[in-house]
Amino acid sequence: MPEVLRVLAPLVVALLGTLLVAVLGSLRPRVAAPLAVASAAMALVAALAMPAGASVDLSWAPTWGLRLSFAADGLARLYALLATGIGLAVLVYAAGYMPRHLAHAGHGPERAVRLYSLILLFMTAMLGLVLAQDLVLLIVFWDLTAITSYFLIGYEQEEEESRQAALTALLVTGISAILLILAGVILFVHHGTASIPAILARSEAGPIATASGVLIAVAALAKSAQVPLHFWLPRAMVAPTPVSAYLHSAAMVAAGVFLLGRVHPLIALSPPLRDGLVVVGFASMAVGGGLALAQVVLKRLLAYSTVAQYGYVVVLLGLGEVAGAAFYILAHALVKSALFMAAGAVTEATGQEQLDRLGGLGRALPGLAVGSGLAAAGLAGLPLTAGFFKDEVFFAGAAARGGPIPILAVAGAALTFAYTWRFWAGIFLGARRGTVQPLPLALTAPVLLLGLLVALGGIVPAVGARLAAAAGESMALEATPLALAYHLDRHAPNLMAVTTWALGMVAIVTAARWARVPRAIAAIGERYGPDRSMLVAIDTLTRFSRRLRAFEVQSLQRRIATILVSAAILVGATIVLAPPWPTFTLGDLPASDWPLVLFLVLAALAGLLATRSAGRATLVLALSAVGYSLAAVFTFIGAPDVALVAVLIETMMTVLLLGVLSLVPRDVAEPPSEPEPRDRYRSRAVGFVAAAFAFVVSWSALSWSAPDATMASAHIDLAPAAHADDVVTAILADFRGLDTLGEITVIAIALLGVLTFFVSEKST
Amino acid sequence: MRLSTIMTEMVARVILLPTLVTALALLVKGYTSAGDGFSAGVVAGTVVAIQFIVFGPREPIARFPSPRHAPLLAFGGVLLALAVAFAPLLWGDPVLTQYPRPGEPVVHIGALAFHTALLFDVAVFLLVFGFIISVLGGIGSFERHSQGGES
Numbered sequence: 068m069p070e071v072l073r074v075l076a077p078l079v080v081a082l083l084g085t086l087l088v089a090v091l092g093s094l095r096p097r098v099a100a101p102l103a104v105a106s107a108a109m110a111l112v113a114a115l116a117m118p119a120g121a122s123v124d125l126s127w128a129p130t131w132g133l134r135l136s137f138a139a140d141g142l143a144r145l146y147a148l149l150a151t152g153i154g155l156a157v158l159v160y161a162a163g164y165m166p167r168h169l170a171h172a173g174h175g176p177e178r179a180v181r182l183y184s185l186i187l188l189f190m191t192a193m194l195g196l197v198l199a200q201d202l203v204l205l206i207v208f209w210d211l212t213a214i215t216s217y218f219l220i221g222y223e224q225e226e227e228e229s230r231q232a233a234l235t236a237l238l239v240t241g242i243s244a245i246l247l248i249l250a251g252v253i254l255f256v257h258h259g260t261a262s263i264p265a266i267l268a269r270s271e272a273g274p275i276a277t278a279s280g281v282l283i284a285v286a287a288l289a290k291s292a293q294v295p296l297h298f299w300l301p302r303a304m305v306a307p308t309p310v311s312a313y314l315h316s317a318a319m320v321a322a323g324v325f326l327l328g329r330v331h332p333l334i335a336l337s338p339p340l341r342d343g344l345v346v347v348g349f350a351s352m353a354v355g356g357g358l359a360l361a362q363v364v365l366k367r368l369l370a371y372s373t374v375a376q377y378g379y380v381v382v383l384l385g386l387g388e389v390a391g392a393a394f395y396i397l398a399h400a401l402v403k404s405a406l407f408m409a410a411g412a413v414t415e416a417t418g419q420e421q422l423d424r425l426g427g428l429g430r431a432l433p434g435l436a437v438g439s440g441l442a443a444a445g446l447a448g449l450p451l452t453a454g455f456f457k458d459e460v461f462f463a464g465a466a467a468r469g470g471p472i473p474i475l476a477v478a479g480a481a482l483t484f485a486y487t488w489r490f491w492a493g494i495f496l497g498a499r500r501g502t503v504q505p506l507p508l509a510l511t512a513p514v515l516l517l518g519l520l521v522a523l524g525g526i527v528p529a530v531g532a533r534l535a536a537a538a539g540e541s542m543a544l545e546a547t548p549l550a551l552a553y554h555l556d557r558h559a560p561n562l563m564a565v566t567t568w569a570l571g572m573v574a575i576v577t578a579a580r581w582a583r584v585p586r587a588i589a590a591i592g593e594r595y596g597p598d599r600s601m602l603v604a605i606d607t608l609t610r611f612s613r614r615l616r617a618f619e620v621q622s623l624q625r626r627i628a629t630i631l632v633s634a635a636i637l638v639g640a641t642i643v644l645a646p647p648w649p650t651f652t653l654g655d656l657p658a659s660d661w662p663l664v665l666f667l668v669l670a671a672l673a674g675l676l677a678t679r680s681a682g683r684a685t686l687v688l689a690l691s692a693v694g695y696s697l698a699a700v701f702t703f704i705g706a707p708d709v710a711l712v713a714v715l716i717e718t719m720m721t722v723l724l725l726g727v728l729s730l731v732p733r734d735v736a737e738p739p740s741e742p743e744p745r746d747r748y749r750s751r752a753v754g755f756v757a758a759a760f761a762f763v764v765s766w767s768a769l770s771w772s773a774p775d776a777t778m779a780s781a782h783i784d785l786a787p788a789a790h791a792d793d794v795v796t797a798i799l800a801d802f803r804g805l806d807t808l809g810e811i812t813v814i815a816i817a818l819l820g821v822l823t824f825f826v827s828e829k830s831t
Numbered sequence: 006m007r008l009s010t011i012m013t014e015m016v017a018r019v020i021l022l023p024t025l026v027t028a029l030a031l032l033v034k035g036y037t038s039a040g041d042g043f044s045a046g047v048v049a050g051t052v053v054a055i056q057f058i059v060f061g062p063r064e065p066i067a068r069f070p071s072p073r074h075a076p077l078l079a080f081g082g083v084l085l086a087l088a089v090a091f092a093p094l095l096w097g098d099p100v101l102t103q104y105p106r107p108g109e110p111v112v113h114i115g116a117l118a119f120h121t122a123l124l125f126d127v128a129v130f131l132l133v134f135g136f137i138i139s140v141l142g143g144i145g146s147f148e149r150h151s152q153g154g155e156s
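Those sequence lines, one after another, are chains A and B. For my numbering, count along the first sequence from 1 and bump the result up by 67. For my numbering, count along the second sequence from 1 and bump the result up by 5.
So here's chain B without its partners, still in its complex pose (with noise of 0.2 Å):
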């Protein structure tokens, strides 16, 4: 039972870079307005998670980096997450001390503001998406090896 019709595909295939760009937004634009690095992440899984689904798990492991290296991005999440918390030690400060300290100018680029904070966003955001493509990935490997039995 694939939910695949040409209906479906088309619609996965449109909506995947439009989307993935708004979750950037959601993330980069997470001190200024609703959002952050989970909602960020889980706008990218889901639609991913629509490619998986609707075309198989065969075809996006084929277009995509292979979901094998998505492990490495959640922790990777995790280790980043880590070192934004503990770097303030190195120079004295407490743990995820985030700066610009309070009453320090923040620098910018255009609309978006630099924070430190902001690292430990796209941690949570790595960890987040890695999470679900990690997943996935593991339920179509798991399938087509199942399915490799039959055939």
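Isolated chain A (complex conformation) (with noise of 0.2 Å):
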């Protein structure tokens, strides 16, 4: 197999797997779930067999410099892995959760077709952005991760609560984007290159990195959800559960803390910044433990749980520990999508989905209970489990740095402790309560898969090291060895961890004295906290838009004087901005331009008539006159192209007017009885305001010698290259090429919109 598809095969596989699933699972809805199983397995061994270093280097646009640039490094090898892998599993838990879920809500299990496509779209949009070395693709993949995110969190499109936490999501990361594109626009202009190991290797300390790095960081953090931009990721848990399982361990905000690590050389040019994402970190793991504690609603709890998680993990990068941040990912991702999905199965199984209403279902649900009790235990860092060195390797990283980060690390990990005891123990503990139907396999078995995964990577920690150790070397650019052990001694992290249970077990046991303080701080929050503060912003926002355009929309006039009044200012700010006033010349007139003039004059007059004109009919016959003969002009200065488009133009509007015009009834298409003077003033100021500027634009413009005169000969030069004796088409379909189909997508577009409009209209 070529190398090209050895790299691309886990993408190529995934999505094809969209297509095929959404295409063949509308025809079939029964096949869809099988399909999207298969296809994530096979993705997952695409993935498996990815060849390490190997990379695909296809150039599409080369005057741009852009390059489809792909590469399976060991950073992008450690997320295939966790895409295609928790994505299948994901898939095995969805093919059961569906159906039944949907019978819930009334629905037939047709409808979850749209999901297994999404998921592996999704898997897809991960898959590419792990894989891409170049920042157009990087930014692309992104996008696309935030677009998909959008339609799997609003899954339940007829739920106003599912519609707003996809919009809050979209608009949070979708926001925080396009500071990544700034920053991808800042590096492409210093560096020359949109080639991110060529940017990394160049970037030196200073203005450029620490500003590129501060907006690829905002970005990224607000797709990982931390503090204060976490607060879309708990309202994104209406989703159903697949899907948050999924977000939350190896997709959405894991994209976060992986684009921090693809650019971590050009974080580490920056101490302030890499302190910033400590201090960050920090926030986001006291905010995210101390709201879940307070939490009843079981998703709700798990996802303040990764907010705190993922605080982790940027400290981690703070520090500078990247094999570790990349092991701490890997174990929280086997850890919550096993937890996700168990605390979704409770809910089949019970109908309940808050942890006061349940209790006890240790017996009823001994697999769930097993499998996710190993997760919990990985959760909270217990020995034996993969979750004790993701906690090690913290502890290690804070401990080696000192100063207060030791005892916050410790006082995080046992908030940490604390919720998730009450999660499980909650669930599966004390005294029974509520009943319980029985789960099929598919809800169990995979709970039980990830829980065995965590266990064994407690007891084989190399395998794990290995993959971190290889994504550490791809973030740092050097060697970052990781070996995983256990160390029966009173090495620190040793001592942090067992100080951390200790805490922990005093936090568990005094509970009910405490409990009620995280309650009141999450009241707090919510009342004043960031989520609400964009409420607000987006309120009044709405409210301006909505102001503005009742204003415009209510006369013609108004929409015209709205139009022409905002062009004169932005053209009159330029002009006070820039003054062009030294350039206003007046040519001389040679008796070969006195058609020219002619025709100018006509279009003159018939702009007049227009303004004087009795019917509707003249009117359109008055303006069509105007543009002929500024069409005659173009023939006059040989430009037999533009002169055609003009004309041809002109008549389509004349026709296309006077069609509209049949259709108009008699009485109404006569114009009204003379109008208010007040308005006519108001019009002809309005009216010469906007044509005193355009007078003075064009005569500035006019006044400068045509600029691009070396462009258009050289245009004119290569178009016998081209084979063609006409210039102008020659440009449009050949040179300028991608401007032409870009135009033409806006067009294709424009036609999407206006048939919407027709069907919208006929079905009122």
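Keep in mind that the hints were calculated from the coordinates and are not lab data. Among the hints, erroneous ones may be present.
Stated by the list, open to error - Facing chain A, according to a computed beta carbon distance under 10 Å, are these residues of chain B, among others: (1) Lys-34; (2) Val-48; (3) Thr-51; (4) Phe-57; (5) Gly-61; (6) Phe-80; (7) Leu-101; (8) Gln-103; (9) Pro-107; (10) Val-111; (11) Ala-118; (12) Ala-122; (13) Val-133.
Unchecked claim - Short, incomplete list of chain A residues facing chain B, as computed with Cβ under 7 Å: (14) Pro-707; (15) Ala-791; (16) Leu-799; (17) Gly-804; (18) Leu-805.
All residues carry an ideal CB built from backbone N, CA and C; glycine is no exception.
Build the complex: two chains, separate frames, hints provided.
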């Protein structure tokens, strides 16, 4: 198999799976789930088979330096394994979960097809993101994850809450993605390349590196739901459970810290930025952990836990412990996906989603209890699970930095310990509450399997450590060995771990005394937190836009005035900021130009006639006379192609306007009686201002000697090589073909809008 | 207020075919003289618009293939343009490479020269023509709809 295919195989398989599931699934809903699972399984195999270090580099628009550049480095391999592996588990789970879940809501199973297809699309986007070695590709896939997550979070489109949550997620991650684009532009302009390895190699400490690093970090932190942009994540838990499980472990949220890892050398250049990451990470640990203690809804608790857990990773990245961060992401992905699926399965079995209505389910759901128990032990960092080592690398990094960091680390981990216990024990221990329905194997098996993997990762940590070390190496661009083993001695991480457990147990035992505190904090946060400020901001913007629209649509005059006056303001601003005064010149007027002047005068006369015309048909004809006269001007200055287009457009407009008039009843077609004098004066004032600005700007523009004359002559010289006698057509179809492509795409989108309008008008 | 008299109906009938031929000429001769896919699309679209205006929306729909399929024409044009643009990637050339390359001979059949740029122009034509027909068809069906409510 050629190397191109071996690197891109997971991506291609996932994409084909997306399309196949969407197409075949819409024909036969029953095949969708097996097909989706098979695609994910094949993508996992392809991800496992990716050769380490292999890369693909195709140039697809060389003049712009755009390349399709992908590489299977350590970081990409780790994330590709997570995206496909967890994706497979999630899809198996979804195949069991979705039909039941939909049946509760009174929907048929065919609605699940879209979900399977979207999860595969999400997988595709993640794979593209982690394999990309080019800024443009990275940004494209980054946005694709945001868009896909919008559809997944808003999957239950009839629910207001679900739509709101999807929009919040899209706004927070989409607006912050603009910062990433900005950083991309800065880096591209400064380094002259979009290749990420080249940029990282050329970066030096300085304002450019700091500015782009900060921009990228904000985008990444918003995606990873870090304080204070964390609020979209707990809301997003309205999505069906398989979606949450995927978003929180291996996809959306993981993409943020992935990006921080991908550009780690750039971020490492700026010590204040790294310290900022540590601060944000600890803040997220505090907020996420504290609020997780206050939640009663299972999935919401887990969502805040995700905020806190990625806080750990951000702290590790800020401390420069890249291999540790990679291991943490790996362990957390297994743990969190298992816990989410367990929460969904419990809700499915009992119909309850709140901790205070659940309890004592351990005997009734033994498989789920064991699987999620192993995962919970991993989250709490107990020995013999992969989670022990995720805490060990965290404690080791914190201890190496010293100062207050180790204390904060222990406090944060103790919070994790406490809320994890609250979650697991609240469901499976204590007095039995709620009735239990039997669960299909597809809901239990993925949880059990992931739980066993968590345990296996604690017994044989070398496999995960090797993956993480390779990922760390491609983040830091130097070897980052990671050796994980149990040491039965008193080195700092062990002491910190023991302290954590002790503190956590104290917290659990004394829970009844302080349980009100986090709830009070959560209530304050809901009232004054960033979630609220964003709602207020959106509300204000919406009201402003409504008021502007209400003003604009009142009458045609106001609408035209809005357009003309704002154009005049823009033009006026440029005139004030960059006065063109010295450039106004009056050229001479040779006799050969007299016909031209004649047609210009004709156009002016027709324009005057249009303002005085009595009937609407006269108005149309007068306006087209203006257009034809101007077209004639183009023929005189030797631009037959432009003249042709001008004539054609003018004809089209005239025919269309007359056609529209023929549809309008006669009594409406005649202009109304004399307008109010005040309206008339206002119209005249607006018209005069707009015309004056247009005049000034045209004069100024015409006073310049044509600056792109060299470009034009270059095009004319090139035309024979393109086998063209008509240079205008050659420019449109060949030299600037990409522009034309963009333009026709815009027209196609406009057509979509028009057609939608007709369809919706007809149906009302 | 229909602009339909014997005069206009006759003119509309007579100009239909010659205008479409003119549009075709503008399209295929774009590389040697004035005109291109866009102009051809507008010319062809205008003459169809005249049919709609003169005969009302009903008759053209009976005489031509239904404008319901016009969006397919337009989006087919976009797909064709994208195909022409990205096909060169398959054999390793950059996007939007046009063939024959400079210096290579051009295949002629009569006065007609074959370029891939011509295909690109055909795509633009399809889009513009399809766009105009779609919009006309939309307005027409809209009007029939509202008239159907009255009668």
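Hints versus structure:
1. Lys-34: holds (8 Å)
2. Val-48: holds (6 Å)
3. Thr-51: Holds - the Cβ of Thr-51(B) comes within 10 Å of chain A, reaching about 5 Å at its closest.
4. Phe-57: holds (7 Å)
5. Gly-61: holds (9 Å)
6. Phe-80: Cβ of Phe-80(B) sits 6 Å from chain A, so the hint holds.
7. Leu-101: Hint holds; Leu-101(B) Cβ to chain A Cβ min 4 Å, cut 10 Å.
8. Gln-103: holds (5 Å)
9. Pro-107: Result: holds, 4 Å to nearest chain A Cβ.
10. Val-111: holds (5 Å)
11. Ala-118: holds (7 Å)
12. Ala-122: holds (4 Å)
13. Val-133: Holds. Min distance 7 Å.
14. Pro-707: holds (4 Å)
15. Ala-791: Cβ of Ala-791(A) sits 5 Å from chain B, so the hint holds.
16. Leu-799: holds (6 Å)
17. Gly-804: holds (4 Å)
18. Leu-805: holds (6 Å)
Hint check: no violations occur; every hint is consistent with the structure.
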